[in-house]
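Colleague: Heads up: the protein sequence lines correspond to chains A and B, in order. Numbers 1 to 114, taken from the working numbering, label the letters of the first sequence in order. Numbers 1001 to 1114, taken from the working numbering, label the letters of the second sequence in order.
Think of the hints as simulated: they come from the structure by calculation, not from any bench. Just so you know, not all the hints are guaranteed correct.
Distance condition first, Cα-Cα at most 27 Å in a straight line; then the derived DSSO-like pairs of lysine-lysine [what the hints assert, rightly or not]:
hint, chain 1, residue 1, chain 2, residue 2
1, A, Lys42, B, Lys1057
2, B, Lys1042, B, Lys1083
3, A, Lys58, A, Lys69
4, B, Lys1042, A, Lys68
5, B, Lys1083, A, Lys69
6, B, Lys1057, A, Lys49
7, B, Lys1078, B, Lys1042
8, B, Lys1057, B, Lys1078
9, B, Lys1042, A, Lys42
10, B, Lys1057, B, Lys1083
Nothing here was measured: the structure is a model prediction, and the numbers come from that model.
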Amino acid sequence: AQSVTQLDSHVSVSEGTPVLLRCNYSSSYSPSLFWYVQHPNKGLQLLLKYTSAATLVKGINGFEAEFKKSETSFHLTKPSAHMSDAAEYFCVVRSTDSWGKLQFGAGTQVVVTP
Amino acid sequence: EPEVTQTPSHQVTQMGQEVILRCVPISNHLYFYWYRQILGQKVEFLVSFYNNEISEKSEIFDDQFSVERPDGSNFTLKIRSTKLEDSAMYFCASSGQTSGGAKYFGPGTRLTVT
Chain A
1 AQSVTQLDSH
11 VSVSEGTPVL
21 LRCNYSSSYS
31 PSLFWYVQHP
41 NKGLQLLLKY
51 TSAATLVKGI
61 NGFEAEFKKS
71 ETSFHLTKPS
81 AHMSDAAEYF
91 CVVRSTDSWG
101 KLQFGAGTQV
111 VVTP
Chain B
1001 EPEVTQTPSH
1011 QVTQMGQEVI
1021 LRCVPISNHL
1031 YFYWYRQILG
1041 QKVEFLVSFY
1051 NNEISEKSEI
1061 FDDQFSVERP
1071 DGSNFTLKIR
1081 STKLEDSAMY
1091 FCASSGQTSG
1101 GAKYFGPGTR
1111 LTVT
């Protein structure tokens, strides 16, 4: 079975400083991993996805994530936080069965202070 | 850019009543999903739907739940007799030509059962 663990439930950063959101995965097979973002009262927006191509994945809004098999990690980073980055972020792994069920992490709430 | 839409955005119903949540997936997508997020909890998979039938469902998706694609565009989730614990945000998602593709989520319907 696949699962993800988000190591921080809350992260607070100052505007202009780097953001790091940590995610570890558990999977018997080469996983497909995603990061989604949920802004207040909005739906889930896909930030980026890893599907066994390049280990460094670039997403929207300046975010990127690095797949590290040796560490079973898929941390999300952004060099410089913007006020609009305040949201909840979900690390997600896709089930390896044929129907693509997603398993969500518990989420990390990001607060950006001026 | 095409997007998944959901109606209504907020539904309030009394316990025991039937509700139908509606979704319009992205037009050329073939795989459809419902997820829910109870306040303060993880996003949970409910059901996946392909080729006009359920392909997978979770233990949450009991006999009170049903899904339907009544025409070429809508995808509905029906709860026959709502319970207080059905109060949650319900997300519809779709993915393209393979189940392994990224899932595009709608903005959600907040269901409140009183």
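Colleague: Give a verdict on every hint.
Modeller: Cross-check of the supplied hints:
no.	hint	verdict
1	Lys42(A) <-> Lys1057(B)	holds, 25 Å
2	Lys1042(B) <-> Lys1083(B)	holds, 19 Å
3	Lys58(A) <-> Lys69(A)	holds, 17 Å
4	Lys1042(B) <-> Lys68(A)	holds, 24 Å
5	Lys1083(B) <-> Lys69(A)	violated, 43 Å
6	Lys1057(B) <-> Lys49(A)	holds, 24 Å
7	Lys1078(B) <-> Lys1042(B)	holds, 21 Å
8	Lys1057(B) <-> Lys1078(B)	holds, 14 Å
9	Lys1042(B) <-> Lys42(A)	holds, 16 Å
10	Lys1057(B) <-> Lys1083(B)	holds, 19 Å
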